[in-house]
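Participant: Construct the complete structure from the given sequences, taking the supplied hints into account.
Chains as they are written, first to last, in our numbering: chain A, 404 to 626; chain B, 404 to 626.
There's no promise every hint is true.
Given that identical chains are not distinguished, each listed pair holds provided it fits within a single copy or across any two copies.
Below 20 Å or equal to it, Euclidean Cα-Cα: the simulated PhoX-like pairs (lysine-lysine) are [unchecked claim]:
{"hint": "1", "residue 1": "452", "residue 2": "532"}
{"hint": "2", "residue 1": "547", "residue 2": "452"}
{"hint": "3", "residue 1": "532", "residue 2": "547"}
{"hint": "4", "residue 1": "476", "residue 2": "547"}
{"hint": "5", "residue 1": "452", "residue 2": "581"}
{"hint": "6", "residue 1": "547", "residue 2": "581"}
{"hint": "7", "residue 1": "534", "residue 2": "581"}
{"hint": "8", "residue 1": "532", "residue 2": "581"}
{"hint": "9", "residue 1": "476", "residue 2": "581"}
{"hint": "10", "residue 1": "476", "residue 2": "532"}
{"hint": "11", "residue 1": "476", "residue 2": "452"}
To be clear, the hints were calculated from the coordinates, so they are not data collected in a lab.
Below are the chains, spelled out letter by letter.
2 protein chains.
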Amino acid sequence: MSSDHTRHAILTAAERLCADNSFGDVTLRDIVAAANVNLAAINYHFGSKDALLAEIYIASSIALNRERLAALKAAEDAGQGRARPDEVLRALIEPLLRGCLDPDRQRSASSRFMIRASTESIPTFRRIKNKEVDHLRRFAEAMKRALPGRADADIYWSLHLALAMAHQTINDVERLTKLSDGACDLADVDGITERIVSMSVMALTANASSERAAAKSASTRRK
Amino acid sequence: MSSDHTRHAILTAAERLCADNSFGDVTLRDIVAAANVNLAAINYHFGSKDALLAEIYIASSIALNRERLAALKAAEDAGQGRARPDEVLRALIEPLLRGCLDPDRQRSASSRFMIRASTESIPTFRRIKNKEVDHLRRFAEAMKRALPGRADADIYWSLHLALAMAHQTINDVERLTKLSDGACDLADVDGITERIVSMSVMALTANASSERAAAKSASTRRK
DNA sequence: GATCGTTTCATACAAACGTTTGAATTGCAA
DNA sequence: TTGCAATTCAAACGTTTGTATGAAACGATC
Chain A
404 MSSDHTRHAI LTAAERLCAD NSFGDVTLRD IVAAANVNLA AINYHFGSKD ALLAEIYIAS
464 SIALNRERLA ALKAAEDAGQ GRARPDEVLR ALIEPLLRGC LDPDRQRSAS SRFMIRASTE
524 SIPTFRRIKN KEVDHLRRFA EAMKRALPGR ADADIYWSLH LALAMAHQTI NDVERLTKLS
584 DGACDLADVD GITERIVSMS VMALTANASS ERAAAKSAST RRK
Chain B
404 MSSDHTRHAI LTAAERLCAD NSFGDVTLRD IVAAANVNLA AINYHFGSKD ALLAEIYIAS
464 SIALNRERLA ALKAAEDAGQ GRARPDEVLR ALIEPLLRGC LDPDRQRSAS SRFMIRASTE
524 SIPTFRRIKN KEVDHLRRFA EAMKRALPGR ADADIYWSLH LALAMAHQTI NDVERLTKLS
584 DGACDLADVD GITERIVSMS VMALTANASS ERAAAKSAST RRK
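Facilitator: What follows is the structure, encoded as structure tokens:
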């Protein structure tokens with residue numbers, strides 16, 4: 404059995420297991436059982452459990468960023484170098500939503516792994532997570548070009564809150580389904596994406612939303 | 404040393420430790436060291452580690468729900484039994500935001516524990532989490548009274564997405580601060596609350612937002 | 001002050017974890 | 001075929017974990 408086969412089997416099994424369970428709950432023995440390899444193979448090929456998870460995280464992160472940036476670039480190219488705000492937001496949030504919720508894509512393990520990695524924190528991940536900020540900065544710059552008049556804080560808030568809605572929708576699928584008794588269709592990725600995008604765009608294009616929020620904040624300082 | 408003192412010391416220490424670290428990373432030995440009690444005291448007073456965490460979770464959950472419902476009731480009483488949409492949303496999201504972000508409240512351990520419990524899942528917690536759905540239902544009903552014309556799905560989505568923005572803002576404080584280089588003030592609880600509430604209200608009061616999202620969803624079915 | 005239930009304590013236990021070891025096996029080059 | 005490096009394997013190691021035990025200390029009641 405070739406070495407590459409073992410490496411790949413471990414990566415695939417670990418990604419799938421970690422997509423559904425907490426990192427701490429997934430043991431090396433679970434992984435090697437699912438991959439049909441020997442226990443020592445993980446430390447032989449990857450050095451440690453954390454290093455294995457880090458490798459999966461990096462690979463998934465690169466794949467996700469590539470998909471996002473391709474969508475952003477497509478929108479910019481179609482608009483003579485300038486993408487609309489809704490296009491920037493869609494490029495940011497749609498890939499993960501589709502990877503995690505779309506039944507046609509059989510719920511990609513890579514996407515679900517990313518969602519879990521965004522919650523759990525292994526010390527080794529901190530360096531990688533800093534790169535995520537750099538990645539977001541490119542979307543912030545695209546958004547600033549789309550809305551030159553907006554305050555920087557409003558731009559950052561819109562990107563953050565759109566991501567927040569997308570991530571938590573993925574995390575809270577069960578609760579939302581139960582709460583709405585099925586009225587909210589969690590498989591309708593297009594509908595969910597447009598709901599989040601339109602909310603963010605409305606907030607960004609509303610008149611002086613930042614100043615109004617600040618004023619309201621001051622007036623309701625009590626309670 | 405009285406028994407109640409030991410119980411209270413354990414509860415306090417465990418809550419504080421679990422507010423800052425993952426449940427799995429907080430060991431019984433960490434807790435007893437912080438509480439200055441014997442190792443066996445935890446199993447003697449609470450039965451098991453999970454039971455201890457469950458007791459903290461229930462207590463924190465009750466406290467949070469009480470605070471939310473008090474705010475909702477105050478708004479309903481002030482409006483002859485009918486609260487405005489923004490008041491319903493504020494009652495839902497402000498307590499946790501304030502407990503976790505407000506520096507004046509010295510970042511309540513109870514609130515941060517709740518945020519962590521919403522992410523981590525101990526088997527014992529599942530029953531308690533079902534109660535959270537019942538709790539949310541009361542806000543859904545209040546919202547339906549405020550907006551009789553809205554589709555149920557829109558109501559549920561608005562509550563879910565408002566909660567999503569609040570929770571992830573708390574979780575991503577570090578990333579948003581770094582991304583915005585301080586331009587986003589994470590200590591301005593009033594400003595953050597109003598930003599989230601106004602976005603949700605706009606989505607709820609926009610004309611036929613549900614149908615428009617569905618239409619847009621169909622038109623962008625590609626990509 | 002003796003008694004008895006309650007609480008504390010030091011200590012031990014069994015299980016599970018990630019990791020290591022050294023021998024066995026494989027696959028390829030000479 | 002021989003030789004050698006790469007890989008696989010069963011087994012064990014040392015920690016750490018939550019939990020259990022039994023004796024000691026405590027505190028109220030009579």
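Participant: Tell me, in ascending order, the numbers of any earlier hints that this structure violates.
Facilitator: Violated hints (numbers, rising): 2, 3, 5, 9, 10, 11; every other hint is consistent with the structure.
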